[in-house]
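Trainee: Residues per chain are reported as follows:
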Amino acid sequence: MDISNYLYLSAILFTIGAVGVTIRRNAIVVFMCVELMLNACNLAFVTFSRLHGTLDGQVASFFTMVVAACEVVVGLAIIVTMYRSRRSASVDDASLLKR
Amino acid sequence: MTSSTHLVYLIALPLFSSALLLLLGRIADKWGHYVATAVSATTFLIGLSEFFAMRSREGAARSSVQTLFNWISVGSFKVDAALLLDQLSICFVLLITGVGTLIHIYSIAYMSHDRDRRRFFAYLNLFVAAMLLLVLGNSYLNLYVGWEGVGLASYLLIGFWNERPAYAVAAKKAFVANRVGDIGLSLAIMIAFAQFGSVSFDGVKAGVPHASTAALTALGAMILLAATGKSAQFPLQSWLGDAMAGPTPVSALIHAATMVTAGVYLITRSNFIFDASPTARVLVVIVGAITLLFGAIVGTAKDDIKKALAASTMSQIGYMILATGLGPIGYAFAIMHLLTHGFFKASMFLGAGSVMHGMNDEVNMRKYGALRKAMPITAATFGLGYLAIIGVPPFAGFYSKDKIIETAFNAGGAKGWLLGGAALLGAAITAFYMTRVFILTFTGKSRWDDEAHPHESPSLMWIPMVVLSIGSVASGFLFNSGNALVNWLAPVVNSANFHSEKELMKPIVVSLLALAVVVLGAGYAFLKYRADVPVVAPEKVSLFTKAARRDLGQDDLNDLLLVRPGQALTTALVKTDENVIDGTVRGIAWLVQYLSYSSKKIQNGYVRSYALIMALGALALVATIWVVTL
Numbered sequence: 001m002d003i004s005n006y007l008y009l010s011a012i013l014f015t016i017g018a019v020g021v022t023i024r025r026n027a028i029v030v031f032m033c034v035e036l037m038l039n040a041c042n043l044a045f046v047t048f049s050r051l052h053g054t055l056d057g058q059v060a061s062f063f064t065m066v067v068a069a070c071e072v073v074v075g076l077a078i079i080v081t082m083y084r085s086r087r088s089a090s091v092d093d094a095s096l097l098k099r
Numbered sequence: 001m002t003s004s005t006h007l008v009y010l011i012a013l014p015l016f017s018s019a020l021l022l023l024l025g026r027i028a029d030k031w032g033h034y035v036a037t038a039v040s041a042t043t044f045l046i047g048l049s050e051f052f053a054m055r056s057r058e059g060a061a062r063s064s065v066q067t068l069f070n071w072i073s074v075g076s077f078k079v080d081a082a083l084l085l086d087q088l089s090i091c092f093v094l095l096i097t098g099v100g101t102l103i104h105i106y107s108i109a110y111m112s113h114d115r116d117r118r119r120f121f122a123y124l125n126l127f128v129a130a131m132l133l134l135v136l137g138n139s140y141l142n143l144y145v146g147w148e149g150v151g152l153a154s155y156l157l158i159g160f161w162n163e164r165p166a167y168a169v170a171a172k173k174a175f176v177a178n179r180v181g182d183i184g185l186s187l188a189i190m191i192a193f194a195q196f197g198s199v200s201f202d203g204v205k206a207g208v209p210h211a212s213t214a215a216l217t218a219l220g221a222m223i224l225l226a227a228t229g230k231s232a233q234f235p236l237q238s239w240l241g242d243a244m245a246g247p248t249p250v251s252a253l254i255h256a257a258t259m260v261t262a263g264v265y266l267i268t269r270s271n272f273i274f275d276a277s278p279t280a281r282v283l284v285v286i287v288g289a290i291t292l293l294f295g296a297i298v299g300t301a302k303d304d305i306k307k308a309l310a311a312s313t314m315s316q317i318g319y320m321i322l323a324t325g326l327g328p329i330g331y332a333f334a335i336m337h338l339l340t341h342g343f344f345k346a347s348m349f350l351g352a353g354s355v356m357h358g359m360n361d362e363v364n365m366r367k368y369g370a371l372r373k374a375m376p377i378t379a380a381t382f383g384l385g386y387l388a389i390i391g392v393p394p395f396a397g398f399y400s401k402d403k404i405i406e407t408a409f410n411a412g413g414a415k416g417w418l419l420g421g422a423a424l425l426g427a428a429i430t431a432f433y434m435t436r437v438f439i440l441t442f443t444g445k446s447r448w449d450d451e452a453h454p455h456e457s458p459s460l461m462w463i464p465m466v467v468l469s470i471g472s473v474a475s476g477f478l479f480n481s482g483n484a485l486v487n488w489l490a491p492v493v494n495s496a497n498f499h500s501e502k503e504l505m506k507p508i509v510v511s512l513l514a515l516a517v518v519v520l521g522a523g524y525a526f527l528k529y530r531a532d533v534p535v536v537a538p539e540k541v542s543l544f545t546k547a548a549r550r551d552l553g554q555d556d557l558n559d560l561l562l563v564r565p566g567q568a569l570t571t572a573l574v575k576t577d578e579n580v581i582d583g584t585v586r587g588i589a590w591l592v593q594y595l596s597y598s599s600k601k602i603q604n605g606y607v608r609s610y611a612l613i614m615a616l617g618a619l620a621l622v623a624t625i626w627v628v629t630l
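In order, the protein sequences belong to chains A and B.
Residues in the first sequence are numbered from 1 upward in steps of one, following my numbering.
Residues in the second sequence are numbered from 1 upward in steps of one, following my numbering.
Please keep in mind that the hints were generated in silico from the structure rather than gathered at the bench.
Treat the hints with care, as some may be off.
Per label pair, the in silico range of CB-to-CB distance [to be verified]:
1. Arg87/A - Arg586/B: 23 to 33 Å
2. Leu76/A - Ser599/B: 48 to 58 Å
3. Ile625/B - Asn26/A: 29 to 39 Å
4. Arg586/B - Glu35/A: 18 to 28 Å
5. Trp626/B - Val59/A: 18 to 28 Å
6. Val74/A - Ile625/B: 23 to 33 Å
7. Phe63/A - Leu612/B: 41 to 51 Å
8. Trp626/B - Phe63/A: 22 to 32 Å
9. Gly583/B - Glu35/A: 55 to 65 Å
10. Val59/A - Val607/B: 51 to 61 Å
Note that this is a predicted model, so its numbers are computed, not measured.
Beta carbons are placed, not taken as given, at the ideal position from N, Cα and C, and that holds for glycine.
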């Protein structure tokens with residue numbers, strides 16, 4: 001199977017994630033889109049690792065997973081706290097810092 | 001040359017007392033005027049002792065020098081702060097301190113009702129110090145310091161009652177006109193330094209024989225410009241009339257006897273320059289001749305007693321300046337007229353002050369009349385000064401003015417006739433306007449306001465007037481007997497070995513001519529003002545009188561040539577400043593503000609738009625890298 005298909009898939013997933021981040025308002029969905037972008041990157045890393053026959057890309061994707069796990073913990077905690085305080089998880093409502 | 005150790009006290013004492021009175025403030029109100037007067041009298045005594053010490057020495061040892069400190073030392077340029085007392089400066093020292101002391105005494109009474117009398121005396125002392133520095137400096141630079149000092153004192157004293165805007169304006173006008181002259185003096189100093197590498201009188205004198213004619217003429221012209229500013233000569237004469245805004249003792253001391261004659265001193269001191277430059281001498285006599293007629297004509301139409309006297313001062317200094325342009329003997333006669341003028345003009349100014357004192361500060365002569373009976377002493381002292389100025393023998397003015405007229409005729413040829421004629425005509429007009437002043441003030445019928453109660457002034461005021469009038473009687477005879485003053489000044493101005501070869505007329509003829517024109521002028525005034533004088537100045541007068549009342553258009557001319565273009569220039573500069581310079585600064589501020597307002601909109605608080613911008617930024621970065629590596 002042509003290796004470039006993996007890269008196409010990675011790019012499509014990344015694009016879906018990026019568009020999701022910019023157009024969705026629900027914080028949970030935005031958060032999932034971020035995860036999607038991270039995983040698209042992981043796919044690209046692994047693909048290139050396979051292409052070059054080295055383990056560097058696989059190591060990098062492990063790091064990404066660790067960072068993503070930490071991010072999930074912190075991010076979800078913030079979203080939950082936000083929801084508790086204002087009964088909404090819309091990111092547009094959290095725009096108080098502009099002033 | 002003798003070295004001296006106490007010349008500095010002449011300047012230091014009044015300077016110190018001036019500073020003391022100004023710094024102590026109201027504490028010194030009760031006794032400040034006594035201190036100032038005592039200090040002035042002390043300087044006079046020092047001057048007298050110096051004079052007698054000088055007389056006891058002979059020849060070159062007569063002039064004494066005191067070097068105070070090394071003032072400027074830059075490379076080859078060295079200026080010492082040094083004082084020089086020679087035959088010329090001692091005349092001035094005695095005049096300044098003598099007349100100055102009398103006027104200090106007079107002012108104690110004259111200013112007794114003024115709440116700022118202490119400040120007045122502080123300024124008077126400041127003036128005495130600055131004027132003494134002016135005549136004692138041994139270099140043009142030292143002289144310049146005194147020159148500026150008297151300008152400052154004059155400004156402060158003209159504007160002494162500066163709560164009246166017109167007086168403050170008069171002070172400003174005097175200061176500005178003087179500044180124009182001062183530029184002349186500073187340029188002269190620069191030329192002297194560039195040409196001779198020295199600014200001391202000795203250094204310049206030594207360099208004169210090697211200098212080019214053009215440089216000497218430029219130097220002479222600049223010195224003349226300085227003299228016209230300080231001595232109110234044409235074309236910088238317009239400030240003197242307005243300077244009468246100051247208290248009358250100031251007019252007597254500064255604007256009649258001493259400061260305004262500083263220009264004559266400067267030219268006489270620079271005699272070696274003018275002797276070497278005929279062109280500069282011609283300029284000097286032209287300025288002198290114009291001013292002596294100008295002042296005399298203006299004096300005929302003034303109803304304000306002080307302004308009439310001011311015009312007369314201008315005219316008399318015109319005589320002195322004319323004399324200084326007539327060669328070595330002329331300097332001596334200029335100084336002689338300067339000294340006699342110091343006596344009789346100060347005496348008349350103090351007389352005018354005494355009249356004003358008794359008439360509730362009224363200055364309009366049309367409201368005087370018949371004051372002879374109310375103020376006999378004032379009338380007598382003023383009368384003696386009057387006889388002296390018009391040149392009736394044997395009063396002082398006769399000797400000094402006659403000599404100048406005679407010297408003017410002796411200039412020879414057409415020049416002699418022209419200058420002599422101008423001087424004679426001036427003498428006739430002088431006799432006319434001074435007779436007018438005397439008749440309007442002291443004789444005829446009284447035209448006083450109802451509330452005026454003229455009375456003789458206190459003795460503190462009339463004693464100085466009497467002393468000065470004795471001077472105006474006797475000084476001319478004393479200076480002239482055996483050519484005393486001419487011989488005395490000879491070492492400085494080189495006047496002793498002077499013989500006129502182109503004598504147009506014998507001295508006795510000139511004297512008779514001068515007397516004849518004086519009688520004509522005085523007689524005409526007597527006939528004209530013998531009858532009743534209207535209290536309000538008549539409107540229907542000849543064009544000539546109208547012109548003289550407007551000071552022959554001196555202010556109109558200045559207005560047209562200098563003030564209006566100057567104002568247009570400053571208005572244009574202010575506009576430029578507001579629109580171009582401030583406009584640029586304000587434009588930049590506006591631009592920054594506009595940019596920040598418009599870029600602020602990006603910061604809208606929506607995470608998604610930040611994310612989008614971030615994504616676009618990343619895209620742009622990748623695109624850039626892609627383009628660069630392509």
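Trainee: Hints first: check each against the structure and report whether it holds.
Mentor: Against the structure, the hints come out as follows:
1. Arg87/A - Arg586/B: 23 to 33 Å: Since the Cβ atoms of Arg87/A and Arg586/B sit about 50 Å apart, the hinted range of 23 to 33 Å is violated.
2. Leu76/A - Ser599/B: 48 to 58 Å: violated (34 Å)
3. Ile625/B - Asn26/A: 29 to 39 Å: Once the Cβ atoms are compared, 34 Å apart, the range 29 to 39 Å for Asn26/A and Ile625/B holds.
4. Arg586/B - Glu35/A: 18 to 28 Å: violated (53 Å)
5. Trp626/B - Val59/A: 18 to 28 Å: holds (27 Å)
6. Val74/A - Ile625/B: 23 to 33 Å: Holds, at about 31 Å.
7. Phe63/A - Leu612/B: 41 to 51 Å: violated (27 Å)
8. Trp626/B - Phe63/A: 22 to 32 Å: holds (26 Å)
9. Gly583/B - Glu35/A: 55 to 65 Å: holds (57 Å)
10. Val59/A - Val607/B: 51 to 61 Å: violated (31 Å)
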